[in-house]
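Trainee: As a plain string of letters, each chain reads:
Protein chains: 2
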Amino acid sequence: MPDTLAPELKPPVRILMGPGPSDVHPRVLAALAASTVGHLDPYYLALMNDMQAMLRSLMRTTNRMTFAVSATGSAGMEATVVNLIEPGDAMVVCVNGVFGGRMVDVAQRAGARLTRVDRPWGAVFEPADLADALAKAKPKVVGIVMAETSTGAWQPIEEISRLVHDAGALLLVDAVTALGGIPVEVDRWQIDALYSGTQKCLSCPPGLAPISFSDRAMEVILARKTKVQSWYLDASMLAKYWGEERVYHHTAPINMTYALYEALRLIHEEGIEACHARHMRNHRALAAGLAALGISYAAAEGHRLPMLNAVWIPAGIDDAAVRGMLLSRFGIEIGGGLGDFKGRVWRIGLMGHSSRANNVFTFLGALEQLLAERGHRFEHGASLAAANEAYATAASAT
Amino acid sequence: MPDTLAPELKPPVRILMGPGPSDVHPRVLAALAASTVGHLDPYYLALMNDMQAMLRSLMRTTNRMTFAVSATGSAGMEATVVNLIEPGDAMVVCVNGVFGGRMVDVAQRAGARLTRVDRPWGAVFEPADLADALAKAKPKVVGIVMAETSTGAWQPIEEISRLVHDAGALLLVDAVTALGGIPVEVDRWQIDALYSGTQKCLSCPPGLAPISFSDRAMEVILARKTKVQSWYLDASMLAKYWGEERVYHHTAPINMTYALYEALRLIHEEGIEACHARHMRNHRALAAGLAALGISYAAAEGHRLPMLNAVWIPAGIDDAAVRGMLLSRFGIEIGGGLGDFKGRVWRIGLMGHSSRANNVFTFLGALEQLLAERGHRFEHGASLAAANEAYATAASAT
Numbered sequence: 160m161p162d163t164l165a166p167e168l169k170p171p172v173r174i175l176m177g178p179g180p181s182d183v184h185p186r187v188l189a190a191l192a193a194s195t196v197g198h199l200d201p202y203y204l205a206l207m208n209d210m211q212a213m214l215r216s217l218m219r220t221t222n223r224m225t226f227a228v229s230a231t232g233s234a235g236m237e238a239t240v241v242n243l244i245e246p247g248d249a250m251v252v253c254v255n256g257v258f259g260g261r262m263v264d265v266a267q268r269a270g271a272r273l274t275r276v277d278r279p280w281g282a283v284f285e286p287a288d289l290a291d292a293l294a295k296a297k298p299k300v301v302g303i304v305m306a307e308t309s310t311g312a313w314q315p316i317e318e319i320s321r322l323v324h325d326a327g328a329l330l331l332v333d334a335v336t337a338l339g340g341i342p343v344e345v346d347r348w349q350i351d352a353l354y355s356g357t358q359k360c361l362s363c364p365p366g367l368a369p370i371s372f373s374d375r376a377m378e379v380i381l382a383r384k385t386k387v388q389s390w391y392l393d394a395s396m397l398a399k400y401w402g403e404e405r406v407y408h409h410t411a412p413i414n415m416t417y418a419l420y421e422a423l424r425l426i427h428e429e430g431i432e433a434c435h436a437r438h439m440r441n442h443r444a445l446a447a448g449l450a451a452l453g454i455s456y457a458a459a460e461g462h463r464l465p466m467l468n469a470v471w472i473p474a475g476i477d478d479a480a481v482r483g484m485l486l487s488r489f490g491i492e493i494g495g496g497l498g499d500f501k502g503r504v505w506r507i508g509l510m511g512h513s514s515r516a517n518n519v520f521t522f523l524g525a526l527e528q529l530l531a532e533r534g535h536r537f538e539h540g541a542s543l544a545a546a547n548e549a550y551a552t553a554a555s556a557t
Numbered sequence: 160m161p162d163t164l165a166p167e168l169k170p171p172v173r174i175l176m177g178p179g180p181s182d183v184h185p186r187v188l189a190a191l192a193a194s195t196v197g198h199l200d201p202y203y204l205a206l207m208n209d210m211q212a213m214l215r216s217l218m219r220t221t222n223r224m225t226f227a228v229s230a231t232g233s234a235g236m237e238a239t240v241v242n243l244i245e246p247g248d249a250m251v252v253c254v255n256g257v258f259g260g261r262m263v264d265v266a267q268r269a270g271a272r273l274t275r276v277d278r279p280w281g282a283v284f285e286p287a288d289l290a291d292a293l294a295k296a297k298p299k300v301v302g303i304v305m306a307e308t309s310t311g312a313w314q315p316i317e318e319i320s321r322l323v324h325d326a327g328a329l330l331l332v333d334a335v336t337a338l339g340g341i342p343v344e345v346d347r348w349q350i351d352a353l354y355s356g357t358q359k360c361l362s363c364p365p366g367l368a369p370i371s372f373s374d375r376a377m378e379v380i381l382a383r384k385t386k387v388q389s390w391y392l393d394a395s396m397l398a399k400y401w402g403e404e405r406v407y408h409h410t411a412p413i414n415m416t417y418a419l420y421e422a423l424r425l426i427h428e429e430g431i432e433a434c435h436a437r438h439m440r441n442h443r444a445l446a447a448g449l450a451a452l453g454i455s456y457a458a459a460e461g462h463r464l465p466m467l468n469a470v471w472i473p474a475g476i477d478d479a480a481v482r483g484m485l486l487s488r489f490g491i492e493i494g495g496g497l498g499d500f501k502g503r504v505w506r507i508g509l510m511g512h513s514s515r516a517n518n519v520f521t522f523l524g525a526l527e528q529l530l531a532e533r534g535h536r537f538e539h540g541a542s543l544a545a546a547n548e549a550y551a552t553a554a555s556a557t
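Note that the protein sequences, when read in sequence, are chains E and R. First residue of the first sequence: 160, per the working numbering; consecutive thereafter. First residue of the second sequence: 160, per the working numbering; consecutive thereafter.
Note that these hints are calculated values from the structure, not bench results.
Remember, identical chains collapse to one label, so a pair may be satisfied in a single copy or spanning two.
Below 27 Å or equal to it, Euclidean Cα-Cα: the simulated DSSO-like pairs (lysine-lysine) are: (1) K386 x K297; (2) K501 x K386; (3) K501 x K399; (4) K169 x K399.
Using the sequences and the hints, build the whole thing.
Mentor: Pasting the structure below:
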């Protein structure tokens with residue numbers, strides 16, 4: 160075998176408006192390239208503490224066990240499930256899109272006796288939808304997705320949490336796309352286990368999964384009769400590295416942690432509420448612009464995520480061709496549909512550093528051009544006018 | 160809870176001569192900060208192909224299923240074990256240090272009927288040491304660590320592989336510290352599953368686990384009766400993302416992949432054999448310098464890893480104090496001992512970009528100064544003289 164030399168690394172500059180990764184803030188990229196130190200270096204241990212404090216603040220929690228799993232968001236899902244579930248434990252999972260379905264798969268592999276509750280894609284769960292399953296299954300854990308990235312649906316958590324806790328269960332929440340984009344109140348909503356990902360509303364590349372376990376969840380984990388099936392994700396061992404003992408478990412992804420650290424600093428500089436408001440403002444402008452082009456949302460009215468806009472592809476438009484043109488002519492990435500929504504839905508992300516008026520304008524301009532070329536009729540500039548009207552309304556409201 | 164703002168990111172510049180992470184090449188840090196693209200971007204898909212080709216070349220394999228697990232080296236271990244083992248399968252694990260012990264834990268969590276074969280720390284396994292266990296356990300898989308980072312022992316693989324295959328088992332090899340530092344011949348040695356980490360001899364930050372499965376291993380995995388217990392690490396699903404279909408599984412860690420890509424380019428530019436020779440040359444110089452200071456190795460003669468020098472701490476020397484001084488006064492990180500070797504052994508890494516004559520010189524200078532301050536007697540400059548003599552010998556031999 161001859162040695163193989165690959166070409167120079169020259170990634171194109173994209174505008175990432177898909178379902179993640181989203182645009183990475185330049186300060187976060189610079190942080191990634193900061194000089195690597197050891198995972199037991201005093202500087203790194205102090206950085207871990209500061210990073211955890213910022214994560215707690217963003218998640219609105221005092222949970223000690225708030226840290227970052229050394230892998231992507233899906234590993235965060237697996238970490239919460241395999242730590243809380245022992246073989247034979249009952250679990251209820253709410254499914255209204257791809258990621259609820261993934262949680263079912265993960266939980267079954269962990270040996271859960273699983274009850275699946277389904278709602279149509281794009282819809283959300285009302286507490287009443289869960290009552291039967293809770294009564295029958297008497298679950299140890301209930302899992303639900305707060306921001307379903309496949310449908311753009313925004314799932315309210317507070318009332319369901321009350322019901323879940325009244326039934327004596329622990330609440331596990333997928334906040335992969337939620338964290339940083341919409342309010343996530345771990346303590347006030349009594350969430351027992353929550354995970355997220357760095358590549359959505361945190362303006363950071365993919366690679367880490369912020370996570371939090373309530374004290375009650377940690378008691379359950381530390382009282383397990385069986386070992387957690389995953390050594391890598393075992394929270395009882397991770398607690399000793401992320402806690403005061405600093406016992407070596409695995410070598411932490413140092414530079415990715417720098418990136419998450421800087422990303423969290425950016426959010427705290429902006430202010431958490433201001434960050435959420437920015438996501439909402441840009442969403443409303445995008446939605447107004449899309450409406451002017453005759454494009455409507457897949458998620459139910461009143462339950463639309465500001466950072467993930469799942470919309471029906473206009474009639475007669477070739478999904479792959481238009482997404483390809485957006486990428487090749489304008490450098491804009493948006494997402495196609497998954498599962499039931501494949502070929503029917505576009506997923507337009509306005510997450511983290513991608514959630515900027517500039518991106519709204521450039522995307523609407525590009526889309527208007529591509530639709531016009533394909534014979535769609537509307538007043539030229541209508542989408543821009545509608546977006547700017549929405550911005551004006553937002554500005555006058557503050 | 161008030162918003163929490165952490166201090167500016169300002170990591171110190173270290174010389175990383177511990178057991179990993181090792182020094183990251185500046186070009187790899189620059190690659191980390193390259194602009195993020197989507198995980199299904201045509202550019203990224205092409206980059207994955209090129210990265211895989213370079214990994215195959217470095218591992219000396221044509222295995223299709225050669226890729227990088229989206230997590231650190233320990234997750235590479237877990238990935239190989241949980242894919243190959245179904246509950247009740249027999250597995251033999253060779254233990255002569257911490258990482259063999261870790262593999263036992265991982266395998267038991269996967270439901271293996273486990274037979275553990277022990278050798279003293281610092282020793283290696285001879286084929287004869289395994290004969291009994293193979294005959295009695297009739298294992299499906301035999302796991303062994305090629306470069307035991309806790310002891311610095313270099314385990315030969317070729318003969319053991321023959322024995323393992325004669326017994327009808329698959330061979331699983333930990334090459335976390337080996338890959339890039341010493342020859343790893345996946346095809347010639349018939350290794351069925353191999354994993355490594357980016358933060359050792361690849362001059363890259365921690366965060367990915369290069370891995371390879373032989374076709375025979377993939378047949379076994381695809382014929383499983385049970386699902387792999389880890390969704391995140393399931394090779395049958397990962398094969399669809401890393402293979403031609405490019406089916407979305409989880410969001411890949413884009414920027415870490417850039418870093419690994421650039422790290423592999425550096426090794427291929429240098430040449431794989433030249434890279435191994437460099438590791439050996441710097442090891443011999445360090446060993447000569449240490450001998451001049453009266454310091455000897457923990458691993459058996461003839462089985463010492465060039466990139467991980469585990470040495471006995473000189474009598475009367477306070478482990479933590481001297482390592483603390485190396486870090487605070489000279490910015491040099493070396494590793495302490497793990498497990499049985501805690502407080503008795505130093506682990507001096509010369510891995511990847513850390514394996515440079517400059518680092519050998521600066522480390523010997525610093526250590527000589529610290530030992531002299533503590534009343535150890537030797538001719539001043541003796542360690543440097545010995546190191547340079549070793550370099551001269553190496554130069555005249557080529």
